[in-house]
Amino acid sequence: MSADRCRVQVQQAAFNPGQLQDLLPPSGAVVTFTGNVRDLSAAGSVHALQLEHYPGMTERSLQAIASEATARWSLRAAHILHRVGRIEAGEAIVWVGVCADHRGEAFAACEFIMDALKTRAPFWKKEHGAQDARWVEARDSDISRAERWQLTRTGDAGTGPCR
Amino acid sequence: MSADRCRVQVQQAAFNPGQLQDLLPPSGAVVTFTGNVRDLSAAGSVHALQLEHYPGMTERSLQAIASEATARWSLRAAHILHRVGRIEAGEAIVWVGVCADHRGEAFAACEFIMDALKTRAPFWKKEHGAQDARWVEARDSDISRAERWQLTRTGDAGTGPCR
Amino acid sequence: MLTVRFFARLREQLACEVLEIPCAPGLGTVAALRSALASRGPVWQQALEDQNLLMAVNHSLAEPATPLAAGDEVAFFPPVTGG
Amino acid sequence: MLTVRFFARLREQLACEVLEIPCAPGLGTVAALRSALASRGPVWQQALEDQNLLMAVNHSLAEPATPLAAGDEVAFFPPVTGG
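Chains as they are written, first to last, in the numbering used here: chain S, 1 to 163; chain C, 164 to 326; chain A, 327 to 409; chain L, 410 to 492.
Source of the hints: derived by calculation from the structure; they are not laboratory data. Quick caveat, the model's predicted, so the values are computed rather than measured. C-beta: ideal position from N, C-alpha, C; glycine also.
Label pairs and their in silico Cβ distance ranges: (1) L:GLU426 with S:GLU137: 16 to 26 Å; (2) A:PRO351 with C:GLY219: 20 to 30 Å; (3) C:ASP202 with S:ALA133: 50 to 60 Å; (4) C:ASP202 with S:ILE143: 36 to 46 Å; (5) L:MET410 with S:ARG148: 34 to 44 Å; (6) L:GLN455 with S:ALA133: 16 to 26 Å; (7) S:ARG148 with A:PRO348: 53 to 63 Å; (8) C:ASP264 with S:ARG86: 16 to 26 Å.
With the C-beta cut set under 8 Å, the calculated list includes, among others, these residues of chain C facing chain S: (9) ASP185; (10) PRO189; (11) GLY191; (12) ARG266.
If you want a taste of the chain S side facing chain L, the calculated C-beta under 8 Å gives, among others: (13) GLU52; (14) MET57; (15) HIS82; (16) MET114; (17) PRO122; (18) TRP135; (19) VAL136.
In isolation and in its complexed conformation, chain S is listed as follows (with noise of 0.2 Å):
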């Protein structure tokens, strides 16, 4: 159970959300998010994303986050799918699907995984606009977002039941 309780992915290929959201097991509450690709940043018009990872940490990050967030809460699963390499606007780049008996835990754990990958997960955005391209920079909000979770900090990376 625990192996496919946590499941990460990290992919080239395009992916539709609802066809990975039954893919889930069965539970009585399930939270899903996908973030797509805007065609407009801070910067400027946005054609498309290049993401760039570190093959290995990242993975190994994202079971990490994974893991503690079923270390956190109790759930029944918790899915990540994120994209690498080009990604047209438009076009999702990460999904997130847990699945818990009780809405309230399926909400934390899933906002829970989100804020973590932003902070920890080592991908980097370039957009490509229509003339140029520029690396994106990293956020406050993103980190301040995060930080609010180590208020209630209850499991520890590496201690969850998916390693």
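Place chains C, A and L on chain S using the hints.
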């Protein structure tokens, strides 16, 4: 845009959550909640639920909840689908999909909608077990979850942009 | 006339889904209507004295003091359990 | 030997993706390795003095004092921006 932003539906037919997500408008952050019928409750095993509603008032109540969500948070869409009639264990009973530019707003609005729905929308569940059927009692935890949102209330049902 | 609807467990207890009641001077509020219904007999009295019952007028949640007028649809029902 | 990797903007600034560096007495910690790399020239010095850079050893986030041993893979990279 208004009409499309808040969409609520009450139906007898089964539905696929993934297909509903495909109908949401393009946006940076999408959070969905799916509630499925569990095969076990506090009162015993559950073969199916019979969902009763108040035609007219139920739809109006869901519309008011979606509208309040769009008044409180900056959302591109808030869709709610709820089944009525007989629903077998394992089947989806409710689905909420929320789209926003920022994930924090999508998470908050989706959770708010579920908490409001659980305490304000006229639906009543009857559990069918192996031998008997019994009405499900309202849960205090649902009431306290819903009350959290009053603390930071900024909009009111009926004043949202979707009415 | 007032239309009065009952739902879920309450509907079963009363063995009644919908009533048509002529407007009368003593039925000016939801609370007054509720008292009048409770006087129909022991089953009605017991079912309607449940403090957790919710009330709606014309598809909006109502208070005991909510006024009633001819043509209104009033509903009584247990706490909701959807989702 | 130590394997040293650079990612994203840092990789472009240095025009370097991976280095193989012989272990040496002066390279016992991540901070020592970082100093040694910075001494390679002005471009390296400027890129590596960025206080926001993150460091990893063998695929785990590391501190300046994290010790290094032969065979370790060390990485330097800007704050992450996935999701």
